[in-house]
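Colleague: Work the whole structure out from these sequences, hints included.
Heads up: the sequence shown runs through residues 0 to 304, numbered per numbering that gives the first Met the number 0.
Keep in mind the hints are simulated off the structure, nothing from the lab. These figures come from a predicted structure and were not determined experimentally. There's no promise every hint is true.
As the list claims (entries may be wrong) - Below are the SDA-like pairs computed for lysine to any residue, each with C-alpha atoms no more than 25 Å apart in a straight line: (1) 192 <-> 165; (2) 26 <-> 111; (3) 80 <-> 255; (4) 82 <-> 297; (5) 19 <-> 298; (6) 122 <-> 11; (7) 255 <-> 274; (8) 104 <-> 281; (9) 210 <-> 224; (10) 49 <-> 39; (11) 86 <-> 122; (12) 255 <-> 209; (13) 173 <-> 26; (14) 213 <-> 234; (15) 116 <-> 281; (16) 21 <-> 91.
Said to hold, decoys possible - Derived CB-CB ranges, DEER-like: (17) 231 <-> 75: 50 to 58 Å; (18) 151 <-> 30: 17 to 25 Å; (19) 158 <-> 25: 33 to 41 Å; (20) 198 <-> 254: 15 to 23 Å.
All C-beta atoms, glycine included, are put in the ideal place defined by N, C-alpha and C.
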Amino acid sequence: MSVCIVDIGGTNIRYSFYSKSKKLRIKKGIIPSKKSFLNILSDTFNESDKPIKDLVISAAGPKYKNTIEMTNQNFKIDSQKIKEKFKLKNCFLLNDLEAAGYSLKNISSKNNLILKKGNQINKNKVLVCPGTGLGLCLTINDKLVVPSEIGNSKFFTFQILQEYRNIDPSLFNKIEDFISGPGLSRLHRSLYKKDLLPAELINKASRKDPKALKTLDLFFEIFAKFLAEISLVYMPGNGIFISGSLMRNLEKIINKKKFKKNFIEHVEKSHKKVLESIEISLIKQEHLSVYGCKEFFNLTQKGLN
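Modeller: Dropping the structure here:
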């Protein structure tokens with residue numbers, strides 16, 4: 000018997016067939032435009048050389064009871080219906096950032112870029128992923144993962160618009176409108192009235208284009224202050240971890256000294272000591288949700304033994 004892990008996003012599906020005797024091998028494909036999610040699962044199962052009895056799914060979108068209605072695909076995923084349809088022993092459904100949160104336990108420090116050093120003061124970790132949107136989860140003691148939908152909230156948006164008067168408020172309604180790939184493009188449009196894709200901005204910044212660099216400076220400044228705000232909410236005394244291809248592509252552009260300064264100096268003097276203790280790392284490893292699904296499944300099996 001084999002465990003199937005499926006991580007489905009807006010464009011791609013990543014999947015793996017996992018057994019304790021084999022190393023996790025991740026396959027990637029483009030989501031067929033005219034197939035239902037059940038048909039996609041059926042095709043995926045057919046690639047396994049062993050019967051599938053356990054399934055772990057990671058999907059982008061808020062989870063309510065047994066379902067996730069995806070934010071970037073026209074899929075409503077119901078784990079109970081999938082379990083019955085394929086006669087599975089278990090079908091677990093996780094939010095994508097929730098799944099990624101379970102991977103933090105096994106992330107090697109050699110896969111991280113330290114943006115700001117710190118020291119452990121509790122067992123809370125926060126994972127933040129600016130991508131198509133803004134994802135965040137809290138992990139406690141490497142066992143409990145609490146997902147959020149903070150990207151779709153208005154958290155901290157009013158303060159940003161009050162502080163940065165050169166930003167066009169009509170372009171920004173929620174926090175991920177600032178801190179995400181599309182947010183990066185919005186900031187540039189707000190400053191220079193010109194539309195550029197995130198990849199174009201990063202390419203221009205790497206060639207020292209002054210307008211692109213100014214946009215990225217503003218993006219990093221807002222991001223650092225956002226991390227300061229969520230630090231006071233979640234108290235991540237075991238570190239803040241940043242992931243995703245957007246941030247990996249910005250690795251060589253970020254000014255660590257300036258980022259640290261904006262992070263610490265955003266709060267009142269009485270809270271600076273707390274922020275000084277918090278380490279911030281950029282995770283270079285990909286496919287965190289897939290590895291997290293594996294870790295989650297292992298935790299569920301330990302609970303049964």
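Colleague: So, against the hints stated earlier in the document, which numbers end up violated here?
Modeller: Per hint list: 3, 6, 11, 13, 14 and 17 violated.
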